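Based on the hints, put chain B in the right spot on chain A.
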Amino acid sequence: MTTTAKSPAGTTASAAAVPAGTERLGTRGAGGSTLRRRGVGWLGFAPFGVYVLLFLAVPGVVAITSGFFDASGRPTLANFAALGDRTIASNFWSSIWLSAVSAVISAVLGALVCWALSAARPDGLVRAVVDSASSVFAQFGGVMLAFAFIATVGAQTLVQGVVQQLTGFDTSTFLYSVAGLLLPYTYFGVPLMVLSFMPAFDGLRPQWGEAVATLGGTRLDFWRRVGVPVLAPAFFGSLILLFANAFSSYATAAALISQGGIITLAIRQQLTSETIVGVANTAGVLALGMVVIMAVLMTACAALDRRTRRWQR
Amino acid sequence: MTAASGAPVAGVSPTGTTPPVRRAARGRYGATPAKATGAAVLIVVGLLFAIPLLSMGWFTLQRVGSPGITFVHWLALFDPAQSSNYSDLFAGVQNSLVLAVIVVAIVLLLLLPAMLLAELRHPKAHRVLEFVCLLPITVPTIVLVVGFVPVYQVLQQVVGSDPWTLSFAIGVIVLPYAYRPIQANIGTLNLTTLTEAARSLGASWPVAVWRVVLPNLRRGLISSCLLTVSVVLGEFTIANVLSQNTFQTALLLLQQTDPYVGALLALAALLFVFVLLVVVSTAGSITRGPRRRKS
Numbered sequence: 001m002t003t004t005a006k007s008p009a010g011t012t013a014s015a016a017a018v019p020a021g022t023e024r025l026g027t028r029g030a031g032g033s034t035l036r037r038r039g040v041g042w043l044g045f046a047p048f049g050v051y052v053l054l055f056l057a058v059p060g061v062v063a064i065t066s067g068f069f070d071a072s073g074r075p076t077l078a079n080f081a082a083l084g085d086r087t088i089a090s091n092f093w094s095s096i097w098l099s100a101v102s103a104v105i106s107a108v109l110g111a112l113v114c115w116a117l118s119a120a121r122p123d124g125l126v127r128a129v130v131d132s133a134s135s136v137f138a139q140f141g142g143v144m145l146a147f148a149f150i151a152t153v154g155a156q157t158l159v160q161g162v163v164q165q166l167t168g169f170d171t172s173t174f175l176y177s178v179a180g181l182l183l184p185y186t187y188f189g190v191p192l193m194v195l196s197f198m199p200a201f202d203g204l205r206p207q208w209g210e211a212v213a214t215l216g217g218t219r220l221d222f223w224r225r226v227g228v229p230v231l232a233p234a235f236f237g238s239l240i241l242l243f244a245n246a247f248s249s250y251a252t253a254a255a256l257i258s259q260g261g262i263i264t265l266a267i268r269q270q271l272t273s274e275t276i277v278g279v280a281n282t283a284g285v286l287a288l289g290m291v292v293i294m295a296v297l298m299t300a301c302a303a304l305d306r307r308t309r310r311w312q313r
Numbered sequence: 314m315t316a317a318s319g320a321p322v323a324g325v326s327p328t329g330t331t332p333p334v335r336r337a338a339r340g341r342y343g344a345t346p347a348k349a350t351g352a353a354v355l356i357v358v359g360l361l362f363a364i365p366l367l368s369m370g371w372f373t374l375q376r377v378g379s380p381g382i383t384f385v386h387w388l389a390l391f392d393p394a395q396s397s398n399y400s401d402l403f404a405g406v407q408n409s410l411v412l413a414v415i416v417v418a419i420v421l422l423l424l425l426p427a428m429l430l431a432e433l434r435h436p437k438a439h440r441v442l443e444f445v446c447l448l449p450i451t452v453p454t455i456v457l458v459v460g461f462v463p464v465y466q467v468l469q470q471v472v473g474s475d476p477w478t479l480s481f482a483i484g485v486i487v488l489p490y491a492y493r494p495i496q497a498n499i500g501t502l503n504l505t506t507l508t509e510a511a512r513s514l515g516a517s518w519p520v521a522v523w524r525v526v527l528p529n530l531r532r533g534l535i536s537s538c539l540l541t542v543s544v545v546l547g548e549f550t551i552a553n554v555l556s557q558n559t560f561q562t563a564l565l566l567l568q569q570t571d572p573y574v575g576a577l578l579a580l581a582a583l584l585f586v587f588v589l590l591v592v593v594s595t596a597g598s599i600t601r602g603p604r605r606r607k608s
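So the protein sequences, as listed, match chains A and B. Residue 1 is where the first sequence starts when you use our numbering, and the numbers rise one by one after that. Residue 314 is where the second sequence starts when you use our numbering, and the numbers rise one by one after that.
Among the clues, some could well be false.
If you only want the chain B side, here are some residues facing chain A, beta carbon under 7 Å, derived [to be verified]: (1) 342; (2) 345; (3) 455; (4) 514; (5) 516.
Cβ-to-Cβ under 10 Å is the rule here; a few derived chain B residues that face chain A [stated by the list, open to error]: (6) 368; (7) 373; (8) 381; (9) 382; (10) 385; (11) 429; (12) 445; (13) 446; (14) 456; (15) 464; (16) 548; (17) 554; (18) 584; (19) 586.
No wet-lab data here; the hints were simulated from the structure. Here the structure is a predicted model, which is why all the values come from computation and not from measurement. We treat Cβ as the ideally placed atom computed from N, Cα and C, and that holds for glycine.
Okay, chain A solo, but in the shape it has when bound (with noise of 0.2 Å):
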């Protein structure tokens, strides 16, 4: 495979080669080869580009602009009375209080462990496993955490015989729940959290808390002083992150609540049968509702962020 890697990788490098000996040469000559050099340059990233064209590009559009068509294709805004559907705008409330509970639980958490975690050294073995568990747990539990929980709080479990036994509450029915989700969630929200904020964490200069306590500081006074303001923007920030997240997960709730309830599993549903008659693309337009929030909660993190590395150089 690595030897197939070479030739693309060396035809596009050779083919801008030859422009690169004559632009070092005779920088802003003729308007004409300039224009064709670039054109050749360029060309390498052809295919990278037409692959994203058509599998990231195409795909997006297609999914944002469909609710504003009818089956035949004619431009129609009636498709979003699918919003206005009972069942619709309880799922959509139903992802948003699920991510924000789910996020700020997580993100206090995760802070927690974050500075817990700084007490070891950046190198270690230590980091490297909590590094390693948070991505696994982060990023590619879904079905299998799912399947870890009905283990945990399902039916005839050594929890949820514990739990029912104390407070006669049983874990097993909740946990398939939408508020059920909120284990899970956590679960992989708190490692998310941790991967997210641990970088900031880093960045308090240990100089800081000894600047403090040089000027008689004590470690509250560094942490309302110094701690809290410099981490505030990193932690709203991945706080924001974690809600992004919680809010566009899928599989884990594709294996729990099967029956649908929060608003991914209603896309699925829209995209597999048209359930409200009369409304078409009805997917288009929820997808385009998902966007519409995402792209708020990533304006607010791109400012957050900004915020942040004031403090990182």
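Below, chain B alone, put in the same frame as chain A:
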């Protein structure tokens, strides 16, 4: 904000009772917690997070309908007599492995050349490339799938609807994971100087890329490929909606008929990806060793 500040400060409070002089003498200031406090928090959270995994492991050892432990579910997976029960699963795993190979090829043959070209010849393309590669993180997969459905209806007529065709869609999902390790590696090198040195020593462009650039990017490429493999093995959304049989979708089906083996495989897969990622995070020290000896 109060929530964030409250958590770490709460852990600090025990030291609040000790006089400030003693604290300074122990050298504890700033954000870093005491070793014991830090360890305690990590152990408690670690145990909480271990519960579901241990439960899953325990579950795979249980006898159906009666107490006691057994390895019968583990053995069933390797029993030729029962292999027909798992044929869908084996097919799913096989499909996922084929997908992994094709997606790694997409990363190495499409993404990598574009990244090298941007680095060496067209610095202006950098921002565009980065934007494109990180975009799939901000767009929920299910939204992309809404667009994939019509695209695949067309694609189906051209190349059919075999499971391997999913690789094009998954390749897009993989882009952020594949891009970042390679870009991080490129950032630590001065590729322009390296290639100029190689070129002035008489190397042609293909030789310079093959013998100078790629060996220097080995660490980033290994990380990128391993991450790609783990994303492909964990991919569920696209395969589920496009009704393809991959490891994750087969696992979900299997869980309904044989939850014990489902849990066993889920645990094994999580462990496998975990080991893969430990390798990624220690890849630097592994690859650095022999190279230093050579030089």
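| For this structure, which hints from the list above don't hold up? | 4, 5, 8, 9, 10
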